[in-house]
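**Q** Sequence:
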Amino acid sequence: MKTYLQSVTFVHRLIQTYNTMNIPSELKYTKDHEWVKIDGDIATVGITDFAQSELGDIVYVEVETLDETLDKDEVFGSVEAVKTVSDLFLPLSGEIIEFNEALEDEPEKVNSDPYGEGWMIKIKISDASETDALMSADDYKALVGA
14 MKTYLQSVTF VHRLIQTYNT MNIPSELKYT KDHEWVKIDG DIATVGITDF
64 AQSELGDIVY VEVETLDETL DKDEVFGSVE AVKTVSDLFL PLSGEIIEFN
114 EALEDEPEKV NSDPYGEGWM IKIKISDASE TDALMSADDY KALVGA
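Per our numbering: the sequence shown ends with 159, consecutive numbering throughout.
Incorrect hints may appear among the rest.
Said to hold, decoys possible - Straight-line C-alpha distance at most 30 Å; calculated DSBU-like pairs for lysine-lysine: (1) K44 with K96; (2) K154 with K85; (3) K154 with K50; (4) K135 with K44; (5) K85 with K137; (6) K135 with K85.
As the list claims (entries may be wrong) - Quick list of simulated restraints, FRET-style, between CB atoms: (7) A150 with E130: 13 to 23 Å; (8) E117 with A155: 13 to 23 Å; (9) D151 with E117: 29 to 39 Å; (10) A141 with G69: 31 to 41 Å; (11) E39 with E108: 20 to 30 Å; (12) E67 with S149: 15 to 25 Å; (13) V95 with D54: 35 to 45 Å; (14) K96 with S125: 14 to 24 Å; (15) D140 with V95: 29 to 39 Å.
It should be emphasised that the hints constitute simulated quantities derived from the structure, not laboratory data. Idealized CB from N, CA, C, for every residue including glycine.
Can you make the complete structure from the sequences, with help from the hints?
**A** Written as structure tokens, this is what we have:
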């Protein structure tokens with residue numbers, strides 16, 4: 014009986030997570046679960062609410078590519094959670110011009126505020142046409158089943 018109740022509770026929590034998942038409509042998304050906010054030729058990038066919830070408690074964010082120019086889909090850093098490490102992929106080609114240094118001391122901001130204080134990098138976009146390949150919020154919702 015206890016196992017059945019635990020299963021029901023787990024499924025209920027899973028449904029609540031998907032129903033309350035935060036996917037802001039004004040952002041763009043990637044299949045690798047990064048979000049992108051475009052402001053002129055500058056893009057702010059972080060991981061989605063879905064990604065942070067799948068990873069669990071984030072304990073470290075590493076970005077060693079500051080001031081480097083990378084191509085779309087190249088690894089720009091990694092995020093470490095309690096039980097796993099995951100690469101971070103650049104959603105657009107460009108120069109990484111800023112790293113959110115607050116994450117050095119408080120990486121948990123990625124969990125608590127992934128679209129706000131938990132942003133990771135800013136990019137000076139080198140090929141604006143690549144933004145056309147990013148997903149809308151509705152496309153991303155379909156990808157993650159939200």
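**Q** List, from low to high, the hint numbers that the structure doesn't satisfy.
**A** 8
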